[in-house]
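Kindly produce the complete structure, drawing on both the sequences and the hints.
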Amino acid sequence: MDIRPLRVSEVNSYIKRLFLSDMILSSLSIEGEVSNFKHHYSGHMYFNLKDEKGKIKSVMFRSDNESLKFNLEEGMKIIATGYISLYEKEGDYQFYIRHIKESGLGDLYRAFEELKKKLESEGLFSETNKKPIPTMPKKIGIVTSATGAAIKDIITVIRRRFPPCNILIYPSLVQGTQAPKEICKGLNYLDSREDVDLIITGRGGGSIEELFAFNDEDVARTIYNLNTPIISAIGHETDFTIADFVADLRAPTPSAAAELAVPNIYNIKSELENKYNRLIKSVFQILGQHKVRIDYLNRNLKFFNPVNQLRDKRQEIDNLFKDLNYLMEKDFINRKNQLSALKNNLDILNPLLALGRGYGILMDKEGKLIKSIEDAILDEEINILLKDGRISTIVKAIDKGGLVDEE
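Using the working numbering, read the sequence shown as starting at 2 and increasing by one per residue.
Bear in mind the hints are in silico, worked out from the structure with no lab data behind them.
Don't take every hint at face value.
As the list claims (entries may be wrong) - For lysine to aspartate or glutamate, the following EDC-like pairs were computed, each having C-alpha atoms within a straight-line distance of at most 20 Å:
1. Lys54 - Glu32
2. Lys51 - Glu74
3. Lys153 - Glu123
Structure (structure tokens):
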């Protein structure tokens with residue numbers, strides 16, 4: 002008799018019934034550390050419960066986790082109560098949790114908190130020690146896995162945003178016991194290169210144990226002692242490591258690190274175009290102002306030009322000469338007329354001219370004019386001046402009778 006082969010779904014359904022019918026697995030409590038915790042947007046919680054030797058997939062649905070009195074976090078040590086069953090679609094068995102109570106911090110989380118407090122007290126997280134991130138790096142060094150999604154995301158974003166930037170990759174393990182040593186080696190190598198302007202180190206998301214290489218003390222101190230600015234890009238937005246606190250800048254994801262590391266070349270071009278346009282506008286404004294000034298000076302130069310001034314002065318002198326000649330000529334004529342008038346008056350008053358008409362001038366022997374008989378002395382010599390000579394005579398008689406008017 003042939004046995005009919007079972008379908009996959011039938012096997013999974015059978016195994017699920019076995020889980021649910023088992024007295025232990027159908028209701029049990031498990032103590033372990035929360036790892037790879039995810040709080041889905043639906044409200045369901047997905048994580049692993051683990052100890053030092055193993056782990057089990059766990060889920061707590063929204064209807065159950067709404068009654069929690071605390072926030073479930075990565076690294077917490079808990080005691081969870083529920084049942085083991087099979088997720089038939091995937092064939093995976095899971096721990097379906099109904100209730101949770103705290104059992105204490107997990108070992109990895111405790112170590113994380115202790116190292117964080119230690120390094121913080123030493124000043125490794127101080128903002129005053131953080132180096133500024135260059136705004137336009139020429140070369141970026143990257144320490145991460147050569148095969149992970151993180152390096153692909155970083156390269157894609159840098160190439161898209163700022164193609165001129167060169168990239169130097171130092172492949173390294175990012176989890177496991179050898180990872181911290183390789184990360185430190187890569188960081189020191191990139192820091193020793195003078196052509197590297199900025200370093201990015203990181204990886205994709207993971208559980209607390211998967212990210213623990215970046216919680217290593219040697220990695221933290223290496224980051225702190227770098228001369229080159231560094232951006233940490235470890236895990237997802239909710240993941241924090243010691244490296245994040247020590248780094249000069251923390252990015253929530255590798256893609257975000259690339260966004261923070263380089264500018265957008267299109268924004269730069271747009272900014273340059275705006276600055277160029279503002280510069281051209283400013284130049285034309287300055288040229289316009291200088292043109293107005295030059296025009297003003299040119300007008301003043303024409304007005305104050307020595308050649309023009311000399312021409313104007315020459316014209317002014319010519320006019321003055323004309324005026325002077327006119328005034329001199331006028332003055333000469335006036336003076337000539339005045340002189341003629343004076344001459345006429347002088348001629349009229351000149352006694353010598355009267356001599357021509359038959360008159361004579363009497364003078365004593367001393368040459369004094371005899372105007373009256375009172376000036377004459379008997380028997381004294383007198384001179385009579387005529388128009389053509391002089392007569393000397395002696396006064397023989399003096400007649401005091403005056404002239405008779407002729408009418």
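Hints, verified against the model:
1. Lys54 - Glu32: With Cα atoms ~13 Å apart, Lys54 and Glu32 stay inside 20 Å; holds.
2. Lys51 - Glu74: Given that 20 Å is the threshold and the Cα spacing comes to 14 Å, the pair holds.
3. Lys153 - Glu123: 35 Å, violated
Hint 3 from the earlier list is the only one contradicted by this structure; the remaining hints agree with it.
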